[in-house]
Structure formats: C-alpha cells, structure tokens
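Q: Based on the provided sequences and hints, a complete structural model is requested.
Going down the list, the sequences are from chains A and B.
Note that the first sequence covers residues 1 to 337 in my numbering.
Note that the second sequence covers residues 338 to 470 in my numbering.
Incorrect hints may have been included.
Here are the computed lysine-lysine pairs in the DSS-like style, where the Cα-Cα straight-line distance is at most 30 Å [to be verified]:
#1 A:LYS217 to A:LYS246
#2 B:LYS397 to A:LYS36
#3 A:LYS23 to A:LYS36
#4 A:LYS259 to A:LYS246
#5 A:LYS259 to A:LYS134
#6 B:LYS445 to B:LYS397
#7 A:LYS172 to A:LYS68
#8 B:LYS397 to A:LYS134
#9 A:LYS23 to B:LYS410
#10 A:LYS259 to A:LYS217
#11 B:LYS445 to A:LYS68
#12 B:LYS445 to B:LYS410
If the Cβ cut is set under 10 Å, some of the chain B residues that face chain A in the computed set are [what the hints assert, rightly or not]:
#13 ALA374
#14 THR377
#15 THR378
#16 ARG421
#17 ARG424
#18 GLY460
Honestly, the hints are just simulated from the structure, not real lab data.
In this text, a Cβ means the ideal position worked out from N, Cα and C, and glycines have one as well.
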Amino acid sequence: MEDMQVSMYQLYRDMLTSYLEDKSEHALYHAQQFSKQMMEQDMSPEETVSLHLSVFQDIAHDLPEEVKDSFDLLVEVMIGYGLAYREHQSLRDRQQELESELNVAAEMQRTLLPERRIDLDGVDFGVVSVPAGKMSGDYYHYDLDEHGNLAIAVADVIGKGVPAAMSMSMIKYAMDTLTNNQMQPGFVLESLNRVVERNIDEDMFITMMYGVYHPDKHHFYFASAGHEPGFFYHASTDTFETLEEKGLVLGVFPRVAYKEQSFELSPGDFVVFLSDGVTESRVDGEFIEREQITDMIRERLHLSAQEIVDEIFQELEKAQEFQLRDDFTLMLLRREV
Amino acid sequence: MQVQTHVDINSEWGIVAARQAGRKLAREIGFGSVDQARITTAISELARNIYLYANQGQIKIEEVADSNKRGMKIIASDEGPGIRDVRRVMEDGFTTSGGLGAGLPGVKRLMDEFDIDSELDSGTVITAVKWLR
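A: Shown next, in the form of structure tokens:
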C-alpha cells in the first residue's frame, strides 16, 4: 500500500511535470491510461484530487493559499463521488453473482425441454423456441408414445422471467406423470389444469395447446386452453385455416373440461403451433398480422419443417433489431408427401 | 489525554457543529486531509439521519487507542422510532433518505469499523471507528 502510493505519486509527478512543460497531447493520453491504472488499484476520486494537490504543491512553488484551500472544497465534493463509485462497484459484483446464478437456472430450464430428434416415417417436424431474456416463460414438448403417436404442445405462462420459468417446470413434471394411455388432448389439459390450479398464484395463468398425431390413420387431435390459435395448412388448396378450439386458460377453476377437435392430414398438410411472442413481434412498431406469418411460411414450403421455423425466427428477429420483447416459440408438424 | 465531545443534534446547525468538532479532532489526532473529509462526511450523514428520522439525538466523538494504534470513534445515538429492517438499510442501493445521501452503507465504507444497534420505538445507536494508518 505504502509502496503503491509512492509509485503512484512518482508516476503522477512525472506525468504532470511533463505536461506542464510542453502541454502535449501525448502527456494527456498518458493521463488517460493512468486513470485506468488508478481504478484498477481502487484509488478513489478524493484520493486522486488530493494526490494532484500534493504533487502540484511539490512542483509549483509558492502556490497561493487560496488554491490550496480551494482543494479542501473539491475533496469534500469528491467524497460523494467516491462513495457512489464504490457502491457502483459493489452493485456490479452483485450483478455478476446474480447473472451467474441466472445462467445456472437457465441451463436447468433447458434440460426440461426435449432434445432428441423425432424420427418418424412420413412426419417432418421442427421447432424453435427462444427466450426474450435468460429464462423462458414458453414451454414446448414433443414425444413419441409406445404406439408410435406423436404428441406436441406449446404453453405460455402469462408473465415473464423467473416466476414464469418456475411455473414451466411444473407443467413438465405434471406431464411426466401422465401415462401413454392418457395422451388424449382433452384429458391432458384437464389433468394439467388441476395441477396448475392448485399450485400457482391466483394472478398467474398458463395457456397451452396440445395435439397428438396418429401416423397410421393420419389423424390429428388437439385441444386448447386459451392459447394463441395455430394454423392448419391444406396442401391441396394451398390455404391456411385457423387452428382454434375454445377452452379456459389453465389455473382458473379446479375442474374444467376441454373440447377436442380432430381432422385428417393429407400428404403435404401441416399444423403450426406458436406462442404469442410470434404474433406479437413488432415490425416498424406495429404488431405483425397473422397473414404475414402465413405468407412467410408459404414462401418456404419447399424447405424442411425445421428450416421453415428457423428462417422465420431469423427474419422476425432481424426485423425487430435483435430485441425480442417476448419469448418466441414456433412449431411445425407436416405429413410428408 | 482522551478528548471527548458531545454535540446535540436538533437542527441543521447541529449537523454543522458536529462536522466542525469532528474535523477538528481528526486533524488533532493526525489524520490526513482526505481522511479528515471522510470522517466529517460520516459524521454528517449520521447527524442528518438523526435530524431527519428521530428529530433529535446526539453525536459523541472521541479519540480511541488500541495497543498500537490510535483512532477516532463516532457514536450517534437517538431515541427515535428505530430501524425496522437493519439488513435492508445496510444494502447498497437502498437509501432511506430517499435521495442522493451516502446512507449507512456509505458511512460504513468511509470508516474502518461500524456497528449498529437499533430497537423499534426506542432508538438507535451507531458506533463507527476510523484508525490512523
């Protein structure tokens, strides 16, 4: 500490002497570099001011008393800045701690999502899900049951960040308790609603769309709990239909029944599930129209399901200058031609 | 010789008087100008807290000596409402004066030792020490 002060004193003295001699930009540049060194050594603003005065007194003889006295005032003022600076440092350390805790939590959350590829004859499947922050309030699911049926789901917690993410894990665990024979969409939502209603705050809700595809008969069954409507694409007519079914959001009443719809997928037909982060994307300050999404899909019909959702995400991310306002999930399941 | 000074705090004048007494003693003990200013700022903040939240109280300053070091102790006491959540007021970023005050974390940083004893509805005693290096 003593040594450091001596060397700082000497360094500052050399610097100031050189500057007073030739007033060069070079000396000023030196001072700028020196300030970094001072901060690294935790030198406070008030110490810096005081260092300046003592060096100045040393090299400029007969410094008027007023100049010296005026530094008392300056030191007093700088103490406040010094405190603010130290508080800032401690808050920054704290922020780094929180950040790394949050990274661990986000990593844990990612492990809740399915990872393996769906390898099912005649089915082309793709999903993209990107949180606006570190943690996501969107959840998606896909899984093959032992009969070879493919279950897919997208859920969205009303709310963002950590609380939303914590509710997401509940959905995942509740789904894990369902057996293969309970994969019918209406039944799944009914069961999840019971769990959610018992376990989350009154002011929190979850919307969800759940569907199952039976590849043998090409039937698709789905039900919705107040979720953002999806799309159903008819290849034969090249038209999109809204995929929607009435149903209360999860978590309001303990006993709710969910209506189920079913239809057949012809070759080239597909269904799209999404979260409201997709439809609430803003381009030039305005929400995009659902039609813009279907147009974007139509332009990419020749691509694979995964390529379609990836490209749409990239396009919308770019249009929003890489600042997502909400978690974004887009999923596409197509019966291959 | 152990110098001890009491200053009653019940107006802004009291705050200035406490600062003045503190700076004088700090200089006598041999603190440098930066430390003098730090000690004075700490006294100022403690006195302001008394004035703002308890209306009145006392600042006591004294010279202290340990086996091989000398220093200065500030004791700020009041019989005001007390602090409900001490841990919270000691958090950075939480300033009870609702403005740009250094707050208690600031006082703690300015001094070497810091102790707070507060009881709801009966008062607060804050002790802080700065050692001469």
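Q: Let me make sure I understand: some of the numbered hints might not hold for this structure. Which ones are they, in numerical order?
A: As far as the earlier hints go, 2, 5, 7, 8, 9, 16, 17, 18 are violated by this structure, in ascending order.
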